[in-house]
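Use the sequences and the hints to build the structure in full.
Protein chains: 2
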Amino acid sequence: MEPVIAVIGATGAVGDVFLRVAAERHLKMKELRLLASARSEGKTLMYDGKPITVHEATRANLEGADIVFCSADSSVSKQWGPVVREMGGVMIDDGSAYRMDKNVPLVVPEINGDDLEWHEGIVSIPNCTTTPLVMALHAMRTVAPLKRVTAATYQAVSGTGAAAVRELNAQVEAIGAGRAIPPLEVYSQQIAMNVLPQVDDFADDDYTKEELKMRNETRKILHQEDLKFAATCVRVPVALSHSEAVHVEFDGPAPMEALKAALRVMPGLVLIEDPTQVVTPLQAANSDDAFVARLRVDPTVDHGVVFWCVTDNLRKGAATNAIQIAEELLRRNLVRRPALKR
Amino acid sequence: MEPVIAVIGATGAVGDVFLRVAAERHLKMKELRLLASARSEGKTLMYDGKPITVHEATRANLEGADIVFCSADSSVSKQWGPVVREMGGVMIDDGSAYRMDKNVPLVVPEINGDDLEWHEGIVSIPNCTTTPLVMALHAMRTVAPLKRVTAATYQAVSGTGAAAVRELNAQVEAIGAGRAIPPLEVYSQQIAMNVLPQVDDFADDDYTKEELKMRNETRKILHQEDLKFAATCVRVPVALSHSEAVHVEFDGPAPMEALKAALRVMPGLVLIEDPTQVVTPLQAANSDDAFVARLRVDPTVDHGVVFWCVTDNLRKGAATNAIQIAEELLRRNLVRRPALKR
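In order, the protein sequence lines correspond to chains W and P.
The opening position of the first sequence corresponds to residue 1 in the working numbering, with each subsequent residue numbered one higher.
The opening position of the second sequence corresponds to residue 1 in the working numbering, with each subsequent residue numbered one higher.
Rather than coming from a laboratory, the hints here were simulated on the basis of the structure.
Identical copies look the same in the list; a pair holds intra-copy or inter-copy alike.
Each computed DSS-like pair below joins lysine-lysine, with the alpha-carbon atoms no more than 30 Å apart:
| no. | residue 1 | residue 2 |
| --- | --- | --- |
| 1 | 209 | 147 |
| 2 | 147 | 228 |
| 3 | 260 | 147 |
| 4 | 228 | 260 |
| 5 | 43 | 28 |
| 6 | 30 | 78 |
| 7 | 28 | 50 |
| 8 | 78 | 209 |
| 9 | 78 | 28 |
| 10 | 209 | 102 |
| 11 | 50 | 30 |
Computed from a prediction, not measured in an experiment: that's the story for all the values here.
What follows is the structure, encoded as structure tokens:
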């Protein structure tokens, strides 16, 4: 089928990348509707070289949409998710609203595309720090079962949204020119020339919501509820690409050569083979791949490794993964499937 | 005694901070000699409001110096260490040249000031990432023995030296003004708006020298050779203050309240009690304290915690620790001690 596709949040940071990636991948569609909040009504965005007018996200404008991408606040997802489902479409949601809902598949197609089979009109994509990590973990668990994962992140400001990118850029401009930085609007402290060891609000057990999202989403995607997991999520003054320093402990021997072989064949993942070659956020930006580098033995446990991973958080961390889910839904004939239980 | 004090590397990043901290602490001395490489001969630096002329580091200019601070390349430490020792003075070395020498104490005075008793003319201070970490670990091990430590660092460019700070600033200025960044001189990739998962060269087992320094120095200072330790050291676009995300596993129960009590009474360390209050590099800059924040249970092990620590790498990470060692040597009468074995 050639679906009618709608994008809610088309004017945002992920929306912008979504349009670029969709055009690059020649995502098939018979119509593309770009939706956003009322104040963006009438704006024009380019898709594949052609201008498209943005309209307000309304019930009328969603009518007949087969696949609806949503990248906006949780409240927006909550508002339109049930509407899209009721009208027989599928919403692919970039937000956290539905990720842990037991009736909503949380999908990285290279790992658990099969979970799409039981969708009921809403599919979630993981948090942008979860995606690259689970891709590496999924490859590695073919060698030995995963027992314990700890991670420290280095997250780009674009993960917060376009306003955060503007805030970082404005601070860099002010510092470069020797001026005082403008009043803070997005982060509670200056982010340029600084790092903030808090991403999202604090939640249970003195972990932040971001740290718990990483844990819960990793367990859900890998179907491994007993995976021991703890993270520290940190915002760094980088525009694009999230990085992570990760320790993995296995439940049994995991020879380095076998791990490398597994990572090498993992779709969407690039293993930097030379352990003395690094990969940085700037190098990973604008790529659809998750990069794994600095893979080495963790000598502090019987069976463990340490590695560094970097991914463009707006591409594979968001837009690309969402588009891959759409492609997979179409391939499996899971859009407007008559037998779909609602 | 009122010592004659010489500073080798007085014109460098640490030298600058050394002069400020020494004046703040009213370090007692009867003479202060500022030494550097030949090209700085004749320059003037300020100490406590008074100008002092910089001279070349030569044997003649070191003659009669009781305490010699050295913050320069390893080759410079290696050149002058034996000379200072032979002339009966004590060199306090900020570099890595002597840190793992079994005849050289590696000292954080709040932890192992007693190791100064066996110095033979050279004392080393730890790497700037090691110092805050061992201070936290030393406090915590009074509650339960340490078994395993893993860390991911967020290291400021001033740890590389003054040229690296200039490189970051020049890049920020160029980016802010929309110009191309100047040619790279210090780092192999752009550091502004980026992070580099490599500090120092690669060494054994695919770890960098910086990561192995952290491990080896921590073991030496804590006198615990069997401590399991692995780190990932990362350079971030921050001018001042190193941060670390740390996991500690204990060999036995370590109740959170007991750990907090131990950290509270550790000299030179500030525990941020509220686990939802963060501390950033900008906030820690220009303080002599090591800050520990975000202390929480690590649920992935039987007895463990995760925390965030931040320290001004040029102060407690270098200059302040060196000055505290001088103060401790004087207090213990270990400068030009007749009985000192040479």
